[in-house]
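> First to last, the protein sequences are chains X and Z.
Residues in the first sequence are numbered consecutively from 1, following this note's numbering.
Residues in the second sequence are numbered consecutively from 1, following this note's numbering.
Rather than coming from a laboratory, the hints here were simulated on the basis of the structure.
C-beta: ideal position from N, C-alpha, C; glycine also.
One thing to keep in mind: the hints can contain errors.
Unchecked claim - So, partial list: chain X residues that the calculated Cβ filter (under 8 angstroms) puts toward chain Z:
1) Arg41
2) Thr43
3) Arg46
4) Ala64
5) Pro65
6) Gly67
7) Pro69
8) Glu71
9) Arg75
10) Ile81
11) Glu85
Unchecked claim - Label-pair ranges, simulated between beta-carbon atoms:
12) Z:Ser639 <-> X:Ala27: 54 to 62 angstroms
13) Z:Val384 <-> X:Arg41: 24 to 32 angstroms
14) X:Ala27 <-> Z:Val384: 23 to 31 angstroms
15) X:Val33 <-> Z:Pro287: 23 to 31 angstroms
16) X:Arg41 <-> Z:Thr164: 36 to 44 angstroms
17) Z:Thr702 <-> X:Lys19: 47 to 55 angstroms
18) Z:Tyr700 <-> X:Val33: 44 to 52 angstroms
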Amino acid sequence: MGMLSLAESVVPSTPIAVKGARLVEVADGSSAVVRRLALPRATARRLLELGLLPGTRVRVVRRAPLGDPIELRLRNYSLSIRREEAALIEVEPTV
Amino acid sequence: MSASLVLLAGNPNSGKTTLFNRLTGSRAKVANYPGVTVSPFSGILRLAGRGEVEILDLPGTYSLSARSPDEQLAVDALLGQGRRADAVVVVSDATALARNLYLALQVIETGVPTVIALTMMDEARAAGHTLDTARLAERLGVVIVEVVASTGEGHENLVAALSTALAPAPPRPPRLQAPLAPEVEEDLAPVRAAVASTLAPRTEAEARAWVLWAALSVGDDELARVPAAVRAAVAAARARAGQRGADLDLAIVESRYRVIDHVLAEASGPVPENARTERIDAVLTHPVAGLIVFVMVMLAVFQVLFSGAEPAVGLIESAVGGVQGWIHATLPAGPLASLLSQGIVAGVGNVVVFVPQIALLFFFIGFLEDSGYLARVAFVIDRVMGGVGLHGKAFVPMLSGFACAIPAVMATRTIESRKDRLITMLALPFTSCSARLPIYLLVVATVFHGDAPVMGLVSTGALVLLSMYSLSVIAALAAAAVLRRTVLKAPRPTLILELPPYRRPLLRNLAINVGQQVRSFLTEAGTVILSLTVILWVLLSYPRLKETTEAFTAQRTQAQATMSGEALDTRLAALASAEAGQRLRESVAGRLGHVLEPALEPLGFDWRIGIGILGAFAAREVFVSTLGIVFDIADADESSESLREALKRATWPDGRPLLTPLSGVCLMVFFVLACQCMSTLGVVARESRSWKWPVFLFTYMTVLAYVVTLIVYQTGRALGIGV
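Just chain X, same shape as in the assembly (with noise of 0.2 angstroms):
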């Protein structure tokens, strides 16, 4: 995908491979659970220090009005992200 290849290319160390569903693909106002942040350290870092963790419940509230960055809501509080990001965050789909 377009997206990934541009992340591995201005990223220097490359991230891991994604498998399952991403959270880029969840859709407006339905929620996931975080499985595991496979982005580069300092990303991964940033976000798992505001409460974004492997095993947080997040929910995709709307995309900004160009398509991207998207808003989450985790913890009580909105956070936003761009799809790059959000595609490599795997997730467990959630009703």
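With chain X's structure known, arrange chain Z on it following the hints.
What follows is chain Z alone, placed relative to chain X:
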């Protein structure tokens, strides 16, 4: 004994600055920390029985791990070798408690006496959130004080808790530390050894805090003073953990959130959603309505910035003119009067003239930030900015650049990453600021006046103006993209942006913030701008040749002897203009104009335009009045008919006209691209805390301006366009 030091830490948007203003009044000063780009503010709190306490308002942060010197400030103040904090107030937003407690827990773990100031409790309660703060305080082992920022409620309790925390006592271990799995502790053993031998921790808790800080921070950082032994140990520990398929970052962060989730499960009821923010966001981030609101808000900000400052700027300029007139009327004409009026007073005017725009811009930024909309601005526009390698937060500074680069460079303070901030700061001086407009207008009125409209619709002049603004946008965005790939090599910045709840901004906070920004500009960038103005004045006024003085004195005496009334006044005014022109042409800058002519000729500029360009370093619009003096025209501005006429008649020695449509366009292109503004250089020096970046900015913009103008002129001449 020096005053006690209290750190004020907290997440962004936690109400930390409001609390700081409440605790210290508005007497805050910029605290001086070397190597830090955004200096924290520091203020004094008088505590009964404890004397003066210094409160340091740390930059808002979500954690203590640090990758840059800016982020490292908090860690050094807590655990470092220099002056250390005696207590910490962690300001925590009750509506997003888990995330706020992550920072609080990190602070608690250091063993430094900690008080939690719980803000937004009124908001949480109104939403139906129940929280047992006594239980929470007991589990965390610290005092928790509820405060309401807008009313100051709970303020006395906080001061009392702080007083208790500062009571002299032997260091005691923290009551709460997030436990790590035994195998993680084992992984960290080499780091513990390296910390003990290099960082001199005083207590067991400090040693542990250093170890966890190093494990999370070191590796892909830009920190300068990490001991080599610690670096090596962290690399070894991470490798060890990696071998068992574990990740140290995850293990450490997870251990803390596990404790927090556990504590909150006991002390907190279910947390309801923020219905109001959800309702507002449904409109403000709506695919259609959101964009419309965005464009309208940005247009309004820009409009006010562009024209709202004008009355105040006019007042400042006429006040400067008044003082200058008074000096000339009071002191005998000569070098002293000239230094005072053209050097010092003009210099002070050059500084003060930016204050209205700075105040307005920071008022807007403060309002947008405190209301929560600034984060939505970044959210809405990030896709566009991300396309050229910028952050959504770079939008407001870039937009402000169209009014004036000086407040715009200061506005980059909202960008956290140092590299992203520098890239924005070094690219935005291309945006066509309002000081370039007089030059465009002069050229357009001189060479494109009365041209037939293009396709019967738009005047050539309007089309030329539009092209200049487009060129400036392209140059700024291209510069950002190129800088990121070359000088400031960095991956495209990731966007990790909190969208805080919408809240009503407090006017008092906005006013204090504006005051602080203005004061820091006046004392820091202001002194640089003033010195540069005096230097420029010397270049434009010296040497003063005795022969010139004598010649003009003689002519004046003769005029006074032979003429009277109106004729004499006209003659004296003409002599004054002629003398000013002669003096400028004889000055260092005037001679430089001649020296530079061989280099400027390929761009279509002669020595007179060269002098104008040199004079324009004071501010771009000064080009017009300097050019006026070169042509012996006093008080010229862009609508001055006599200057336009003089420019139309001006020729090269071989009789070719000087200002053709081609050389006019070249002059505008040069001013779009060149860094003709020493105040921009001064403010970049101040904001980047280094002279390296202004020197670089000046060099790359000037070289680019030269090369592009050269290409335009030579191509135009070769093709015979507009010559």
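> A separate judgement is required for each hint: does it hold in the structure or not?
Hint by hint, here is what the structure shows:
Because the closest C-beta pair between Arg41 of chain X and chain Z is about 6 angstroms apart, less than 8 angstroms, the hint holds. Interface restraint check: Thr43 of chain X against chain Z, minimum CB-CB distance 5 angstroms, threshold 8 angstroms, status holds. For Arg46 of chain X, the interface hint holds, the least distance from its beta-carbon to any beta-carbon of chain Z being 5 angstroms, beneath 8 angstroms. Taken as an interface hint, Ala64 of chain X checks out: its beta carbon lies about 5 angstroms from the nearest beta carbon of chain Z, inside 8 angstroms.
For Pro65 of chain X, the suggested interface contact is upheld, since its CB lies about 5 angstroms from the closest CB of chain Z, less than 8 angstroms. At about 7 angstroms, the closest approach between the beta carbon of Gly67 of chain X and any beta carbon in chain Z falls short of 8 angstroms, and the interface hint on this residue holds. With its C-beta approaching chain Z no nearer than about 5 angstroms, Pro69 of chain X sits inside the 8 angstroms limit, and its interface hint holds. For Glu71 of chain X, the shortest C-beta to C-beta distance to chain Z is roughly 6 angstroms, which falls under 8 angstroms, so the interface hint holds.
Hint status for Arg75 of chain X relative to chain Z: holds, with the closest Cβ pair at about 5 angstroms, below 8 angstroms. The beta carbon of Ile81 of chain X is positioned within 8 angstroms of a beta carbon in chain Z (closest approach about 6 angstroms), and the interface hint is therefore held. Here the hint on Glu85 of chain X is kept, as its CB sits about 6 angstroms from the closest CB of chain Z, short of 8 angstroms. At about 59 angstroms, the beta-carbon gap between Ser639 of chain Z and Ala27 of chain X stays in the expected band of 54 to 62 angstroms.
Range check, Val384 of chain Z to Arg41 of chain X: Cβ separation about 28 angstroms, and the 24 to 32 angstroms hint holds. Range check, Ala27 of chain X to Val384 of chain Z: about 25 angstroms between beta-carbon atoms, so the 23 to 31 angstroms window is met. Between Val33 of chain X and Pro287 of chain Z the C-beta distance comes to about 28 angstroms, which sits within the given range of 23 to 31 angstroms. Checked against the given bound of 36 to 44 angstroms, the beta carbons of Arg41 of chain X and Thr164 of chain Z, roughly 41 angstroms apart, stay inside it.
For Thr702 of chain Z and Lys19 of chain X, the hinted distance range of 47 to 55 angstroms is satisfied, since their beta carbons lie about 53 angstroms from each other. Against the hinted window of 44 to 52 angstroms, the Cβ-Cβ separation of Tyr700 of chain Z and Val33 of chain X comes to about 49 angstroms, which satisfies the hint.
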